[in-house]
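**Student:** FYI, the numbering for the sequence shown is 206 to 768, going by the working numbering.
The hints are simulated quantities; they were obtained by calculation from the structure and are not laboratory data. Some hints could be false.
Said to hold, decoys possible - Simulated crosslink set (DSS-like; lysine-lysine; CA at most 30 Å straight-line): (1) Lys308 - Lys484; (2) Lys535 - Lys484; (3) Lys573 - Lys584; (4) Lys389 - Lys401; (5) Lys584 - Lys650; (6) Lys258 - Lys308; (7) Lys535 - Lys584; (8) Lys573 - Lys650.
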Amino acid sequence: MAAELTAHELIARHRPTLDQALEAIRTRAYWSPHPEHPKAYGENGSLDMAAGKAAFDALHGTRIDLGQPGTDGWVEGETSPYGIETGVSYPHAGLDELLPAMKAGMRAWRDAGAETRAVVCLEILKRISDRTMEFAQAVMHTSGQAFMMAFQAGGPHAQDRGMEAVAYAYVEQIRTPDTAEWSKPQGKRDPLALTKQFVPVPRGVALVIGCNTFPTWNGYPGLFASLATGNAVLVKPHPRAVLPLALTVQVARQVLTEAGFDANLVALAAERPGEGIAKTLATRPEIRVIDYTGSTEFGDWLESNARQAQVYTEKAGVNTVIVESTDDYKGMLANLAFSLSLYSGQMCTTPQNLLIPRDGITTDQGPKSFDEVAADLAKAVDGLLGDDARANALLGAIVNPDVKARLEAAAGLGEVALASREITHPEFPGAVVRTPVIVKLDGAKPDAEAAYMSECFGPVSFAVAVDSAGDAAELLRRTIREKGAMTVGAYTTSPEVEETVREVCLEEAAQLSLNLTGGVYVNQTAAFSDFHGSGGNPAANSALCDGAFVANRFRVVEVRREA
């Protein structure tokens with residue numbers, strides 16, 4: 206069957222976008238080809254909000270048949286954190302048949318070259334972008350994110366991260382020329398002359414192990430980095446968040462087929478309840494690259510046991526903010542309140558520990574004691590979430606019972622500065638919606654240390670009293686070194702304190718945000734400019750995205766012959 210989309214057509218269509226992405230990762234300036242406002246999706250055949258909701262509703266009770274080899278049954282069981290059951294079922298893969306089929310298409314995909322692979326990936330992302338509103342609903346009803354966040358983080362921001370990975374993959378593959386003429390002088394004798402060919406060769410089948418909270422945002426970088434470097438990709442979604450990645454696989458298979466490649470270069474591995482196939486897949490000899498987002502325990506297991514694969518992990522960490530002084534006390538409180546509340550704190554970048562000198566801080570509103578800072582932050586969160594409609598739009602739903610249990614237990618760990626309250630969702634009465642809890646702890650007490658030195662994923666934060674800014678910096682260093690951190694924040698008007706915190710973050714490889722008081726928050730990162738994680742501390746062994754994230758997904762093989 207002839208390709209419906211030729212490489213020439215795809216290059217003409219997407220090369221300008223690829224060039225813009227390459228320029229963006231070079232300059233680190235703001236750029237995004239994917240609009241982050243819903244109104245941008247109502248024209249040119251794109252789905253508007255109503256059409257996206259209708260497309261999502263039409264999936265209820267259906268079977269997503271991907272036409273994969275080795276399908277030996279069907280899997281269902283997702284329940285939305287908003288209390289509805291979609292009843293969508295997915296193919297269950299017989300690995301002994303599926304994995305060889307995936308490998309079979311890799312030769313043609315490898316030989317297509319870096320540019321063709323890149324523009325095919327961009328066509329996949331364009332098709333996904335055209336269905337952003339449908340994907341937003343799918344992300345919302347698997348992750349518990351409120352709609353606007355599911356739309357932005359699960360749609361354009363995830364697509365940006367996927368495109369960023371494609372750009373980095375392309376750069377690394379063309380770093381070495383395709384061919385070279387080599388001539389070594391031999392004095393009076395004829396020179397030694399060779400013609401050399403350099404071929405980027407993929408490692409094999411890549412495995413993406415999806416997460417519950419950000420299935421597309423965390424899934425797309427690895428998926429597209431591996432695909433763009435010539436690997437086949439097997440997507441193993443979190444059992445509570447299958448739909449967004451199943452739709453992604455569906456789109457990818459359609460585009461690959463139309464471009465004349467084997468659809469089995471991308472496949473889905475949904476699992477039956479309690480099956481736990483991630484360990485089985487991760488140690489199969491065919492699996493040569495693994496991308497994982499989730500718990501430290503399983504991430505450590507992958508790094509220790511999946512020895513045949515190149516493993517990229519984003520695990521848990523304890524994110525810290527040092528509050529030493531500020532010249533915008535109101536802005537600081539508002540910024541922190543939003544950061545603690547967004548998506549009920551169910552982000553790997555949400556601050557957990559707020560280190561505050563026990564003697565208080567200096568501000569533009571005069572000195573503030575430790576207790577005043579904690580109380581004022583509680584008031585700021587209360588004010589932000591005081592209106593239930595706005596609270597629902599920011600908090601979303603608690604993603605699973607484990608988060609709810611941690612939230613309820615946190616109140617017993619110390620003095621409560623802000624108690625969590627239950628909110629009813631007017632559209633989804635089955636949703637579990639809770640406001641954050643803030644607990645005050647004395648950093649010098651051993652029993653408090655057990656709390657603040659462990660990740661408490663969800664809407665739980667600790668205001669930790671420390672002796673000084675220097676003690677805060679040393680506790681920050683220890684926390685990053687022992688537990689890892691995806692983000693660090695600091696508020697200070699002191700150049701000396703700023704330099705101390707900066708040096709800690711440079712030495713311990715943690716991403717730092719200083720004195721954020723406006724519309725940028727410590728738990729948000731922008732593709733093409735910000736690095737998500739560093740790969741240099743225990744929270745993650747890689748960064749999204751940089752050259753190291755893509756370069757070891759392929760190797761360069763040389764073929765030389767006499768000229």
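**Student:** Compare the structure with each hint and give your call.
**Tutor:** Verification of the supplied hints:
A C-alpha spacing of about 20 Å is found between Lys308 and Lys484, which places the hinted pair at or below 30 Å, so the restraint holds. Annotation: proposed proximity of Lys535 to Lys484 is violated, straight-line Cα distance about 48 Å (limit 30 Å). Taken as a hint, the Lys573 and Lys584 pair is honoured in the structure, with Cα atoms around 14 Å apart against an allowance of 30 Å. Pair hint Lys389 plus Lys401 holds up; C-alpha atoms about 13 Å apart against a cutoff of 30 Å.
Taken as a hint, the Lys584 and Lys650 pair is honoured in the structure, with Cα atoms around 26 Å apart against an allowance of 30 Å. With a C-alpha separation of about 36 Å, the suggested pair Lys258 and Lys308 falls outside the 30 Å cut-off, and the hint is violated. Distance hint between Lys535 and Lys584 is fulfilled; the C-alpha atoms sit about 11 Å from each other, no more than 30 Å. For a cut-off of 30 Å, the pair hint linking Lys573 to Lys650 stands: about 23 Å separates their Cα positions.
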